[in-house]
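Going down the list, the sequences are from chains A and B.
Residue numbering for the first sequence follows my numbering, starting at 1 and increasing by one per position.
Residue numbering for the second sequence follows my numbering, starting at 1001 and increasing by one per position.
By construction, these hints were calculated from the structure, which means they are not laboratory data.
Since the structure is predicted, the reported quantities are computational estimates derived from the model, not experimental observations.
Where a beta carbon is used, it is the ideal one built from N, C-alpha and C, also for glycine.
A few of these clues could be false.
[Said to hold, decoys possible] According to the in silico footprint, chain A covers these stretches of chain B (three or more CB under 8 Å from chain A):
#	region
1	1070-1077
2	1143-1155
3	1210-1223
4	1232-1238
5	1257-1269
Residue strings, one per chain:
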Amino acid sequence: MSTTDFVVHNPVEDLLRQDRVPTIWCPGCGIGTTVNSFAHALLGQDIDLSKTAIVSGIGCSGRVSGYMNLDSFHTTHGRAIPFATGLKLANPELTVIVYSGDGDLTSIGGNHLIHAARRNIDLMVVCVNNMIYAMTGGQAAATTPGSSMSTTTPYGAFEPELNMPQLVDAAGACFVARWTSFHVMQLERTMAKALKKKGLRFIEILSPCPTYFQRKNNLGDALTAMVDYKKRSKIKHGCHTWETALEPGGDIIVGEFVDREREDYLTRMRRQLGSHYSEFPEQTEEEISEGACSEC
Amino acid sequence: MHADQRCVLTGTHFINGDAACCEGALSAGARFAAGYPITPSTEIVERFSARAPQVGGLFIQMEDELASSIALQGMVWAGQKSFTVTSGPGYSLMMEHIGYAAITETPCVFVDVQRGGPSTGLPTLPAQGDMMQARWGSHGDYLTIALTPNSPQECYSLTIKAFNLAEQFRVPVMFMMDECVGHMTEKVVIPKAEEIEIYPRRLASKPPGEFNLFEAGEDLVPEMAHAGEGYKVYVTGLTHDKRGYPVLNPKAQHELVTRQFEKIRRAADELTIVETEEIEGADVVVVSYGITSRVAQRAIQMARDKGLKVGKLRLICVWPFPEKLIRELAPKVKALVMPELNMGQMVLELERCAGGKCQVISVPHAGGTVHKPADILAAIERGAR
């Protein structure tokens, strides 16, 4: 037996559209690492993958949906959540995951994130935060920390950065967590846990962007970023989300911050409507041909 | 196939155009909708929010029109028929997703109950100022279908038509009402379910693995598969190949855009949906649509009373514009007169298609109310000279 015959099958491959590889992501980018954790989390679930849909917006992280061998929806910039909302409400049997970036979900799509959390729509929302608009070439984002350099902040940024966990917690999400792309095992476990919950689940993942964020700010390569994440991260499960703001150079508070039970949108709707809601069973062939249902 | 009896309120009703549009959507098989309140369209979703749960559907009031116009497409890709309802300012916000529906070939209906504009304009008063927006509003090249009802009865029947055309061509269909038609209350007859023809969604005829979501046959309209059916669909707003995979080059762009154009273009005859009256031998033909056609009817009658030979051409499907019909008609008449509740939008198409073969007289109106029949009559008389 020659060594070339020896093939190790990576179970994650079954979850990827092999004909779409290689990805567009740069060397050292953390998005692919998060996808690996996500795929592992998904494989460990007792859910029907043919009834699992993934929805993205626009941007580097917005390409995730297109690499997953699931029902993939690559929507418009910022609008992954409302698309996913329609998808889930019209077919509650689907497991729907939104996977997108910080600019997409919190800036142009920020309002949708707030209202999805308020409604507690049964979606898992994964937000890869690389702290910059990477697809368009490194512009400042609502998440760009401190006085960081970007192509649109050549004298350093001066807008305060958004604290995502606090936002979605305040809006009512039933599960809120944050990890970095260094925490691959923790991320997988958190994703697995989130996949089992019902309601709006939000996971922020810090990811390096060596091409733009790291380079523009002389922060070294992706490996340096991993060392930095390892050093600065403090795991604080159950931490108040107002204590999770990201300070430049300061601690990165990670962990599962919010895990509460709250009725999701459809459950609440059914309860509220009571007898005003009627199930709508599929008509039989006979009923269709006769133009009336058997009870009428 | 015909309509599902459980969704059809068969009988004679005295309701307004908005309510009739809602019933039309239900008869067409739409049980899901997303929207955001805006006058004068809100009554449609108010009624729908009461009716939909009775048939296992729902209305979700989204946070804005951007969200509504994409949530409805999520509903479609989940296997449902769906629509959204708005008026001018909201319609402007929806443009992005009309483009998304066009490139992803998502069958759905956008209802625009037109009011005076631009911007906030005249919220409770009529206009027909969004007619060009219905055709050109989203960026890039695409074709849509747009219908204009002129009565509550047509708000019912043409809404069904709009859904049917959306399914037949896998396109977003614009349903261009106006405030008058929306708020006008008249008799609306809803037929028996078995008398209502429904164009069923063209579902994948091949199993997963052999099926391509954007591969079209003879008529250039691809079949559809939904999320959760095992097809692992790939839907993107990027230029894509027959599998739906992004392919960002001129060849893929050419193939995709020309096919999407051609599937509508080659159906031009089928999509020439008009109402005509005495256009044979007429000296002047009044071309109108929506509420304006009813004012024009009065002006035409007044002109005929004066002995003028006047015909009526009412556009029911405004986009695609009935180009062939106008090209044939123009050399036979002295003038085409077009009143509309805008500063002259569809008249540009009319002029283009008339090609200088006859006079084309625009009767513009900034909106807020309807024309005075006398103003249209004056234009008819000018054209007849």
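Status of the hints after comparison with the structure:
Look at the region 1070-1077 of chain B against chain A: 8 of its residues bring a Cβ nearer than 8 Å to a Cβ of that chain, three or more, so the hint holds. Taking a C-beta to C-beta cut-off of 8 Å, the region 1143-1155 of chain B contributes 0 residues in contact with chain A, too few for the three needed, and the coverage statement is violated. For the region 1210-1223 of chain B, the assignment as covered by chain A is violated, since 0 residues bring a beta-carbon within under 8 Å of that chain's beta-carbons and 3 are needed. Here the region 1232-1238 of chain B counts 7 residues with a CB under 8 Å from a CB of chain A, which clears the bar of 3, and the coverage holds.
With a cut-off of 8 Å between beta carbons, the region 1257-1269 of chain B has 0 residues touching chain A; three or more are needed, and the interface restraint is violated.
The structure shown violates the earlier hints numbered 2, 3, 5.
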